[in-house]
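A.B. asks: With these hints in hand, go ahead and build the complete structure from the sequences.
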Amino acid sequence: MAERQGIDAATGSVKSHKFLTFQLGEEIYGLDILKVKEIIGIMDITPVPQSPPFVKGVLNLRGKIIPVVDLRLKFGFDEREYTERTCIIVVELETPDGKMLVGIIVDAVSEVTNISEADVEPTPEFGASFSTEYIRGMAKIKSKVVILLDIGMVLSGGGLGQFAG
Amino acid sequence: MSEPEISDPQGGPEKTPAEVQFDRISVAVLTATRDDMRKLGEILSSFEKLGKIAASEGREDVPDAVRAGDAVGTALMFDDTARKHWDQAMDIFSRLASCCQEVFRGNKMNRPVLSRIYSDIREQLEIVLEGGEVEEAPPAAVADKSMALDQDKELYTDFITESMEHLDSIEVKMVDLEAAPDDSETLNAIFRAFHTIKGVSGFLNLRDVNELAHRTETLLDMARRNELPVTGPVIDVIFEAIDGMKGMVRDVSEKVSAGAPTREFIGTDRIVARITAVQEGREDSAPGTRAASIPPRLGDVLVEQGKITQAEIDATLSGQADGAERQPLGMLLVEEKKISPKDVAQAIRIQKNAANAIEAQDIRVNIHKLDGLVDMVGELVIAQSLVCNDPDVMSIDSQRFYRNLSQLGRITSELQKISMSLRMVPIRATFQKMSRMVRDLAKKSGKEVTLLMEGEDTEIDRNMIEEIHDPLVHMIRNSVDHGVEKPDVRLAANKSACGTVTLRAFHHGGNVVIAVEDDGRGLDPEKILAKGQERGVVPAGASLSESEIFALLFEPGFSTAEKITDISGRGVGLDVVKRNVEKLRGTIETRSLLGQGSTFQMKFPLTLAIIDGIVVRVGEQRYILPTNSIVEALRPPREDYLTVEQRAEIIRVREELLPLIRLHRLFSIPEGIQDPCDGLVVVIESEGQKRAVLVDELLGKQEVVIKTLGGGMANVRGISGGAIMGDGRVGLILDVSGIFEITGKQPSFN
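Here the protein sequences line up with chains A and B, keeping their order.
Read in order, the letters of the first sequence correspond to residues 1 to 165 in my numbering.
Read in order, the letters of the second sequence correspond to residues 1 to 750 in my numbering.
There's no promise every hint is true.
Here are the in silico distance ranges between beta carbons for each label pair [unchecked claim]: (1) B/Glu171 - A/Lys142: 56 to 66 Å; (2) A/Pro122 - B/Val425: 37 to 47 Å; (3) B/Asp727 - A/Glu38: 13 to 23 Å; (4) B/Gln310 - A/Asp97: 57 to 67 Å; (5) A/Lys142 - B/Leu699: 47 to 57 Å; (6) B/Lys701 - A/Pro122: 57 to 67 Å; (7) B/Pro670 - A/Gly25: 22 to 32 Å; (8) B/Asp91 - A/Thr95: 50 to 60 Å; (9) B/Gln702 - A/Thr83: 27 to 37 Å; (10) B/Glu632 - A/Thr123: 54 to 64 Å; (11) A/Thr95 - B/Ile367: 12 to 22 Å.
These aren't lab readings, by the way, just hints derived from the structure by calculation.
The model shown is predicted, which means the values in this text are computed figures rather than measured ones.
Where a beta carbon is used, it is the ideal one built from N, C-alpha and C, also for glycine.
C.D. replies: Structure below.
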């Protein structure tokens, strides 16, 4: 442990994190693996009335009811029919009320990859009309660009009130 | 009288530091109301300062009085029983202060007078200081006690459960303390728990428990004040005291269930002696390890019974240890003819009983583990039904297989029943505590009040019970203090002299409702409104509905009590109740008829509770309607469907006109039956209002476990929670009053 820290200190800041990458349309996104509880296939979701469209409803995760958010809709993409490859990534968020589990629906899960800080570039400015507060940065891996998300910010960014509908 | 050199005669501008403290004491004594802890603190600190001043001036006689003041103050501070003598204590304070003053002024001539005053005070002092001790209790308290003995078996029962809980929590904290002996917070927590037990046992005249608690408390107090290091023997002896007290409490419990309140126990001398030994630093007296002290050792039992002396046992024991094969002590003793076999057998029985008794009837389990268990059992039931209904399984042609399958079914459903009940407890215990409180409150305020209880068997989540306790206490205080009138007033108003407070609990529409009802003077809306305007809570001239006016009562700083009593009426209370209730996502509803009484209804959602529900289908969605809120279900004939301005829809049900709520429209479900005469109309009721709800069909009745809809979705209006259905999917439980609220605000749905 101490040794690794030493290396880190010696080589600047080559700290790396494991990220789970997934697809939304043509874009690749990354999530801190520590936030991911599990990945499940698409399953029956019970719609909850009075909630925003991107909240698909709730599902039964082994006896626990958890809300499910369709990330495509949250990001304003077109709705797409769920397929064999559609996954629900269950993430654990820290909230003032304690930990909570939320499922996020993505087109497909790609891989778990190491991304070092050196590969991460800060999010470019896209102008006032585009909020990037929940993007932690952009990582270049093998000619591809992974958009690293702060999933907590994604789901609570507009305030949990919006989430609750 | 000679004046001291430095001080002017009365009214002089310069005051000595001591004079300043005297003044403070007298002012505090004069202005302190009963149980005013802040003032008490001032008095205490003044005495402390006097002590320092006296020491710096080299006086020896003053600290005596100072110490006395300090002792009285401390007793009042920490001992509820001593606080009964508040007025005497205040008197003592002022007399002690004037004694000190005389001494400080150098009035040596008054020495004999002084000593007489001292001895006089000391007598009073003893009464106050011994307030916590049963032996010296003043006559008033004794009368109180004997009445309690006759009347209240439940007092003992309460004491038993409470002290057992305290002792359990002490045990847990003791383990912490052993790990971190310097943690003053843990030490304080343990001290407080013992203190509570001491207080209650004193009140119930359980001398032995009281004595032991008192001794242990003293020991802990020394540790608190760093006069005694918390070493292994100290911890051991406290553990011993815990065991001893548990034994005594169990003893009480046995006697209570046998019908006779008790004051007897085998004696505390052994443990008390050990505590004293530890206090004096004689560490060797702790017997063996703690593990060995539970249960009592045979030798100890025999010695205690006086069958044999410790010396004889020691002699035998040393022989036993030398022997290659360890023979039981009892056998050795009999062989050596020191004791009869019968005595040994008896002692062994006592020992065994103690060992059995030590095995707790309850265990404490982390609530998350429990939740996990309940969730998994629910899943097991679903998995079991999926397996049983699987077409491949159904095609198996084997008697034996089906026998086993149905056995599995029985076990799972039994398991489910047990797991459901784990967290639910009847509200009875909480209610019973209230009955004691009502009696005390009524006596204090010179009223006659009977407490009626209904629905004590209503089951409620254990966590909820703890949370509900405080608001409930407030509401009952409010009813007894402000609601119920004094007997003469009641008689004048043609009511019976004795008022009634009714405490009611029931499940209603997926909620637990707890109502506090009194037949007292009722609330005067006009008076409340006037007060609200006076306080600026309501703008002048605003017109409010009656329920809005009653809601003002729960605003911060609002009190209608004309005089302030020590029970309630300081204007704090109801707003705290509201905050507590809202924290539990509950609501309070007030109904009142002037002159006839008031009802406060607290409605709480169930975090984990089973409700009876009717599963309804709307389009492809299923919803659960709490059975309690359903009046009836019917398919209305064409002529009973009416519209108003072709917009608002009404269903006529036996001369009642009920607004129609289309669930599929309300919840934006694309499919669903459009024509009410094709579907089914369910009449639901909430808070006295009725509505008709259009659904596609009823799927059946089901008991479901209410679960919250994960984070962020907890407050969806119209939905009180979710339930896992038989196929593993989530069904939403409808919140009837929430639906009424939404539809009330969107007239197009009506």
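A.B. asks: Tell me the numbers of any earlier hints that the structure contravenes, in ascending order.
C.D. replies: Violated hint: only 2; rest satisfied.
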